[in-house]
Amino acid sequence: MMIERLAIGDDFYYRFLRGSRVINSAPGAPKISASEKALLEAVALHDHENNRLSVRDVMALSHLGSPTTLHKRLVRLRNMGLLNAKQKANDRRTKYLSLTPLAFKHFKNLGEALQNALLDETPPT
Numbered sequence: 613m614m615i616e617r618l619a620i621g622d623d624f625y626y627r628f629l630r631g632s633r634v635i636n637s638a639p640g641a642p643k644i645s646a647s648e649k650a651l652l653e654a655v656a657l658h659d660h661e662n663n664r665l666s667v668r669d670v671m672a673l674s675h676l677g678s679p680t681t682l683h684k685r686l687v688r689l690r691n692m693g694l695l696n697a698k699q700k701a702n703d704r705r706t707k708y709l710s711l712t713p714l715a716f717k718h719f720k721n722l723g724e725a726l727q728n729a730l731l732d733e734t735p736p737t
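613 is the number of the first residue of the sequence shown in our numbering; add one for each residue after it.
Be aware that one or more of the hints could be misleading.
No more than 25 Å apart at the CA atoms, straight line, and that leaves these computed lysine-lysine pairs for DSS-like [as the list claims (entries may be wrong)]: (1) LYS717 to LYS684; (2) LYS643 to LYS684; (3) LYS707 to LYS717; (4) LYS720 to LYS649.
It should be emphasised that the hints constitute simulated quantities derived from the structure, not laboratory data.
Bear in mind the structure is a predicted one, so any value in this text is a computation, not a measurement.
Let the hints inform the model, and build the full structure from the sequences given.
What follows is the structure, given as structure tokens:
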């Protein structure tokens, strides 16, 4: 039995994947694992909604890993320059996570790849 050609909507996603692969392999692009990417995206979504996550909040994201594993990923993302951890002036015990300019650039590039995939009329190869 032959597999039918993918629907047009599927082509868009494959074009996006191709574009994101180019972005992620570009010189100077952060080399993040899939699990680090999932954590970065979780922080980004909360940051975008003006609901910043604290380090403690991240440790509770059990679907992304154990607290120890999540802490290691946070340290790596901070060392790569993708996340900042800042304290509020009135609460020195809690650190809140925010995206760095490098992280914003990363997501901007991915957004452009998605936009290009939607605008590209040529079928993927």
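Results of checking the hints against the structure:
no., hint, in the structure
1, LYS717 to LYS684, "holds (23 Å)"
2, LYS643 to LYS684, "holds (15 Å)"
3, LYS707 to LYS717, "holds (23 Å)"
4, LYS720 to LYS649, "holds (15 Å)"
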